[in-house]
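Guided by the hints, dock chain F with the ligands onto chain Y, whose structure is given.
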Amino acid sequence: MDRTFAVAIGGAAGQGVATPGDIFAKIFARRGLHLNAYNAYQSIIRGGHTFLTIRAGIEEVTCFGDHIDLLIPLNQDSMDRHIGLMKANAAVVYNSDTIKPGSLTQAQLCPLPVNQLSKGSRSKVEQNTLALAASLRMMGVDFEPLAEILTEQFMRKGSKVVTENLDIARVGYDYAGANFQPFAFPLPMSGMQYAVLSGNTALAMGGAAAGVKFYCAYPMSPSTGVLHWMAAHARSAGILVRQVEDEIGVINMAIGAAHAGVRAMCATSGGGFALMTEGLGMSAMMETPVVVIDVQRAGPSTGVPTKTEQGDLWQMLGAGFGDFPRLIAAPTDILDCFRLVPEMHNLADRFQCPGIILGDLLLSEGRSSVDPKQLNFDTEIDRGEMIVSADPANGENGYKRYKITESGISPRAIPGVPGHTHTAATDEHDEDGVLISDEFTNPAKRRAMMDKRQRKVLGIEAAVQPPVLIGTPTAEVTLVGWGSTSGVIREAVAMLNEEGISANQLQIRWMVPLHGEAIVNILKSSKYTIMVENNYSGQFARYLRSETSYVPDGCIRKYDGEPFMPHHIVEAVKEQLACKTHKTQQLSVPVHEIMV
Amino acid sequence: MATVLQLQPLTAADFKGKVDPDWCPGCGDFGVLSSLQKVLAEMNILPHNVVTISGIGCSSNLPGFIDTYGMHTLHGRALAVATGVKMANHKLNVVVTGGDGDGFGIGGNHFIHTIRRNVDLLYVAMDNQIYGLTTGQTSPTSRKGMKTKSMPYGNVEEPINPITLALAAGATFVARGFSAEPKHLANLIKQGLEHKGFSFIDVFSPCVTYNHDNTYAWFRERIKKLEDDVSYDSSDWHEAMKRGLLWGDEIPIGKFFQRTDLPSLHEAEPLLDQGEPLAHRELRIAPEIVRNFITELM
Ligand SMILES: Cc1ncc(C[n+]2csc(CCOP(=O)(O)OP(=O)(O)O)c2C)c(N)n1
Ligand code: SF4
Ligand SMILES: [Mg+2]
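Protein chains in written order, with this note's numbering: chain Y, 6 to 601; chain F, 44 to 341.
Since the hints were derived computationally from the structure, they do not count as laboratory data. Since the model is a prediction, treat every value here as computed from it, not as a measurement. Yeah, the Cβ is synthetic: ideal placement off N, Cα and C, and Gly gets one too. It cannot be assumed that every hint is accurate.
Unchecked claim - Subject to a maximum C-alpha distance of 30 Å in a straight line, what follows is the list of computed DSSO-like cross-link-like pairs (lysine-lysine):
(1) K405/Y <-> K267/F
(2) K134/F <-> K408/Y
(3) K239/F <-> K81/F
(4) K450/Y <-> K59/F
(5) K59/F <-> K408/Y
What the hints assert, rightly or not - Selected chain F positions facing chain Y (in silico; Cβ < 8 Å):
(6) K61
(7) V94
(8) H115
(9) V124
(10) L314
(11) F336
Same shape as in the complex, but just chain Y (with noise of 0.2 Å):
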């Protein structure tokens, strides 16, 4: 059974739905509630329309499900597009003197008289206060954890302001206790307290946590918030953070910090990444670690900038020409995308090559509770073979840089340390650096360097776990997934299981590397095995199928800009089971009901 609470804000871009959401989400983390929350907006500064969706519960909350308890609408567009979707026991709460319900709703409608509660004033962050007041009321939640929140929330403008806020606040609060319905089950807490964070402060993050001492991004959404966080604490975690004229010169430059010996990390949408690409393929031929944060954004070309898509995987996987080494991991929830960043760090730096972090919209924008003992800055940090000091041992004159090793990793010495100069070139070179790739070409060199460049390939495979199977192996069907989609997926499976209908779910976390033969002799045993992908084209069924050739029965796929609702599976899901039949491949195209 759902026991879920979800609250949804809608409103115009400037109508201020960010603070009231902000304020939900500080008052359910503190009562020890999980929560997940999503904001479907649009690329406008002012205007269009800004749906923010905020599911609390006492367990785990995956995503951001498929019902709204309570609506706010802040203006009458967002009455209009969303009533028809208010179920019974759901309520609204809006300002009656600028709003209508218009359609019919099964919904217990609470309209709050703006100009006459907060006496004549006009300002919107009054009715927004009012009705975030109200719905507390309704929920069961104490004045207090509101008036605690206001109190910070204002007190740099002052005790006046703040008074003026908990007085209207208080209006609402004591307005709704008289005129509207409570929810039929109040809130619930428990002893917890949690930290919200997104998932671009969790990359962020999760790079402080493993030492990154150098940061550089251009802006590009939805990738601009690690900037943000990293521009913010960039003082004191001691990260030197630079804002650079684009994103070839980000990832030049990161390579740069990188090869004078820190730990260096860039993020960017796809647009931004496609730019990096000749960077890439330096960082894998001079053999200098580098991690690059893409997050996705429904493309192609400048595409929808606020919209969520997992369509990059093949960019990912071909970025840069000529064969390489290369790392490449989509975090599967937020509190993954704080993990994962020092785990690839470590990787990168152990097989010095690139490192790619692929997260999209879903998780970067998106935001989650995480117990904060979770958000361990005491994690592992390995830097691999590096030579940073000289040590009489290493020999004055014995050093080669591109050694060639069965590991296929050479000891990388950074500048600065006496008695091992080399030039680290983006032309192919020998093991002492000097090119090969014009005047001296010969092919044993060059066949030696691709090779000892190749064979870290066995040791990031050995490095990475395959993935497992989660659920009951002898499912009726089994959900595939990718990265963001674990949550969604988790939720879908969940609710078959109810139905009767028994699910398990294979959800895949490293791209490079693989493992295809381990996800082979899961999926060989699964009953009926079917690709859930936020694309067109199925991008990871058909990486799978080329480095596998495993075919699923069937796909479920959406490439509307929108995430999955666990709804959109279950049904899809259902539909297949049903004609299993068919000799072919399914495909489902679950529609977004909800116009965002």
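Frame of chain Y, contents of chain F with the ligands only:
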């Protein structure tokens, strides 16, 4: 920016690279390499404290021919890479070398922005007004009318003027040298290395194989040293602009402009201004700071 160490004096031979230059006999780039080696030795800068960084081109092969830490990066990207190196370890002496195509064509954007940031490094452009490595195409500094393999009927575009471009972008040290004037060039390189901030030297470095317009003789007939004009004041930006625009029978070489009142990027950055280079700092963040990061989220 130089890290000077008074041990036993170095010689240019201490900077001899693992292989000999593969440039065509007579190529102007030889003069740039030897001047650079000579000055580094004279200034007693130890090879391991220098990073020589280039893009791609004949001229960009230079890091392979000098014994320092070297980075032979991508076509046009040397300045971006060099900025990263300098930020990660501001104690290193960073020298960027490359060609006119590399620096003003494909790398033009980084040129402007590295200037604007006043990154403390020496950038020596070996300007031969041609794409040498790719066997003779028009470059951004090729003269209007010049016939090349890519513009066989003559270049119809106006060339870039690297000197005035650098001045307009706010460069704090702007000079022009000629590779056949090694003493003069060495002096500019020395001043450039000593300058705290971005030092730019555009060096006429003739391509004897593909550029038959801008030959040694052609330059020799025209160049005139700014240093010979005692009235010239290199702190006067407007005057530098005026001289920078001269191009014809008389082409000035020498130091056009220098100002020393602006901090370089690492000096302007509080994080770097004090303390060890980033590359040698503790990776972990203090627990009380971490606690603040997390409390903010609660
Ligand atoms: C991205 C990219 N585009 C094109 C090339 C081919 N390329 C190599 S060097 C060069 C031009 C070199 O001219 P310049 O920088 O003036 O150097 P020079 O050889 O004249 O010293 C070009 C176009 C390349 N290496 N990379
Ligand atoms: S082609 Fe021109 S620039 Fe290249 S080495 Fe020969 S002379 Fe020098
Ligand atoms: Mg050239």
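So, going through the hints one by one against the coordinates:
With a C-alpha separation of about 46 Å, the suggested pairing of K405/Y with K267/F is violated against the 30 Å cut-off. Of the supplied pair hints, the one linking K134/F and K408/Y holds, its CA atoms being roughly 27 Å apart against a limit of 30 Å. This hinted pair checks out: K239/F and K81/F have alpha carbons roughly 20 Å apart, not beyond 30 Å. Proximity of K450/Y to K59/F is assessed by CA-CA distance (about 24 Å); at most 30 Å being required, the pair is judged to hold.
Restraint check for K59/F and K408/Y: satisfied, since their Cα atoms lie roughly 22 Å apart, inside the 30 Å limit. Interface hint status for K61/F: upheld, as the beta-carbon distance to the closest one in chain Y is roughly 5 Å, under 8 Å. For the restraint placing V94/F at the interface with chain Y, the shortest Cβ-Cβ distance is roughly 5 Å, inside the 8 Å limit, so the hint holds. Here the hint on H115/F is kept, as its CB sits about 4 Å from the closest CB of chain Y, short of 8 Å.
At its closest, the beta carbon of V124/F sits 4 Å from a beta carbon of chain Y; the interface hint therefore holds under the 8 Å criterion. A hinted interface residue such as L314/F counts as satisfied when its beta carbon comes closer than 8 Å to some beta carbon of chain Y; here the least separation is about 5 Å, so the hint holds. A least Cβ separation of about 6 Å between F336/F and chain Y falls short of the 8 Å threshold, and the interface hint therefore holds.
The structure is inconsistent with hint 1 alone, although it conforms to all the rest.
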